[in-house]
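All chains should be built: construct the whole structure from the sequences, respecting the hints.
Here the protein sequences come in this chain order: A, B, C and D. Position 3 (the first sequence) corresponds to 3 in the numbering used here; numbering is contiguous. Take any residue in the second sequence, note its place counting from 1, add 108, and you have its number in the numbering used here. Take any residue in the third sequence, note its place counting from 1, add 216, and you have its number in the numbering used here. Take any residue in the fourth sequence, note its place counting from 1, add 324, and you have its number in the numbering used here.
The hints are simulated quantities; they were obtained by calculation from the structure and are not laboratory data. Do not take every clue at face value.
As the list claims (entries may be wrong) - Once the Cα atoms are required to be at most 25 Å apart in a straight line, the calculated BS3-like pairs of lysine-lysine come out as:
1) Lys202(B) to Lys144(B)
2) Lys36(A) to Lys144(B)
3) Lys144(B) to Lys275(C)
4) Lys383(D) to Lys252(C)
5) Lys167(B) to Lys383(D)
6) Lys360(D) to Lys144(B)
7) Lys275(C) to Lys383(D)
8) Lys360(D) to Lys418(D)
9) Lys36(A) to Lys94(A)
10) Lys59(A) to Lys360(D)
11) Lys167(B) to Lys310(C)
12) Lys36(A) to Lys275(C)
13) Lys59(A) to Lys418(D)
14) Lys252(C) to Lys59(A)
15) Lys383(D) to Lys36(A)
16) Lys383(D) to Lys94(A)
17) Lys275(C) to Lys202(B)
18) Lys59(A) to Lys167(B)
19) Lys167(B) to Lys252(C)
20) Lys310(C) to Lys252(C)
Remember, predicted model here, so these are calculated numbers, not experimental data.
The residues making up each chain are set out below.
4 protein chains.
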Amino acid sequence: MPNELLACYQACIDTLRASNECYDACLLETNPAELKECIRLTRECADMCAFAAQAISRKSPYVEQICALCAQICEACGHACGPHQHDYCQRCAKQCFQCAEACRAIFA
Amino acid sequence: MPNELLACYQACIDTLRASNECYDACLLETNPAELKECIRLTRECADMCAFAAQAISRKSPYVEQICALCAQICEACGHACGPHQHDYCQRCAKQCFQCAEACRAIFA
Amino acid sequence: MPNELLACYQACIDTLRASNECYDACLLETNPAELKECIRLTRECADMCAFAAQAISRKSPYVEQICALCAQICEACGHACGPHQHDYCQRCAKQCFQCAEACRAIFA
Amino acid sequence: MPNELLACYQACIDTLRASNECYDACLLETNPAELKECIRLTRECADMCAFAAQAISRKSPYVEQICALCAQICEACGHACGPHQHDYCQRCAKQCFQCAEACRAIFA
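So, in structure tokens, the structure goes:
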């Protein structure tokens, strides 16, 4: 696998994990109402990253379009989680922005 | 596709939809804390049903084992949503129990 | 669910099934070499349709972008399967083009 | 995440990649008829591993049952790819058996 795709695969995998860990932690909070947007977007982001990781590793002919969409959804998830001070939100946001960048390197 | 598999495919598809609609509605409630278990299990159930629908339609050699797991997760989701009086929770629970039955017909 | 989204959900579900049935039948042929492109694109298409059905039913904020990508992949799968005279290829192609149209109605 | 779950998450991710790379390479062979079983099981295995990685990272209440099924499908994929001498089949088989072991550590 070319280096850029491998980096993107790894970023998707790390973001899948960070998003799902954030999702789980948000649901355990006493007041999940404050975190609705995080809950919704971390699921969105985890599913998108899993889909992108599948596409990259099976050499999908649509890998560029899929990474373009993944970049967009990772960005949105980063912006939803970034304003929250919980460790897991911060980790998720940081990972999302990094994954968006790795995805942009594929379709740019 | 044999009748029982087709019925199970359709039940999975209907439960994927009912679970996701319940998930979305729960997140829109003013007090999602009361619905944490629904939120978690409707996602679990929707993902399991999508996985089972894929397996049934591609004639997976593991369709029986996958349907056995799907029955278990649908049951759990039905029990999580059943006690809530919202229309979408009731619809989801009813659909989940029906899907569990359709799945049991495959591996029984 | 609005009518257009419901129609698109159903089209995705029918195409998931037709694509996977075509994939399975192609793999059972004595000469799958002639059908490589079908095998690859039916998997691509089934996975995309499952992803879109999930997105539609959970009211994803990215449903338009996801349907746009789904339309593109369905078109490609229809063009890969269309030239083959097997019943399952013809059914798949017809279903793919119909799904592409239903997806375009979402983001148009 | 506890060490055993983290090891299992990583094994699923590595097996998702090895399976999909094997699937892609099998489809590029001049005689894919010899590799039908690999093609079918590598897809089965990649999808199962992606599903398991999602379940592990979102702390699914069904992680043990999902890992039990994942172990079974990884074993089957390893046995399908093992007899073939292509590098990618050998890599895939080795990775599958390692993932099956990591999964068994979760539900044992």
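Taking the hints in turn, this is what the structure says about them:
no.	hint	verdict
1	Lys202(B) to Lys144(B)	19 Å, holds
2	Lys36(A) to Lys144(B)	11 Å, holds
3	Lys144(B) to Lys275(C)	18 Å, holds
4	Lys383(D) to Lys252(C)	38 Å, violated
5	Lys167(B) to Lys383(D)	29 Å, violated
6	Lys360(D) to Lys144(B)	44 Å, violated
7	Lys275(C) to Lys383(D)	23 Å, holds
8	Lys360(D) to Lys418(D)	19 Å, holds
9	Lys36(A) to Lys94(A)	19 Å, holds
10	Lys59(A) to Lys360(D)	18 Å, holds
11	Lys167(B) to Lys310(C)	21 Å, holds
12	Lys36(A) to Lys275(C)	14 Å, holds
13	Lys59(A) to Lys418(D)	21 Å, holds
14	Lys252(C) to Lys59(A)	14 Å, holds
15	Lys383(D) to Lys36(A)	18 Å, holds
16	Lys383(D) to Lys94(A)	21 Å, holds
17	Lys275(C) to Lys202(B)	21 Å, holds
18	Lys59(A) to Lys167(B)	23 Å, holds
19	Lys167(B) to Lys252(C)	18 Å, holds
20	Lys310(C) to Lys252(C)	19 Å, holds
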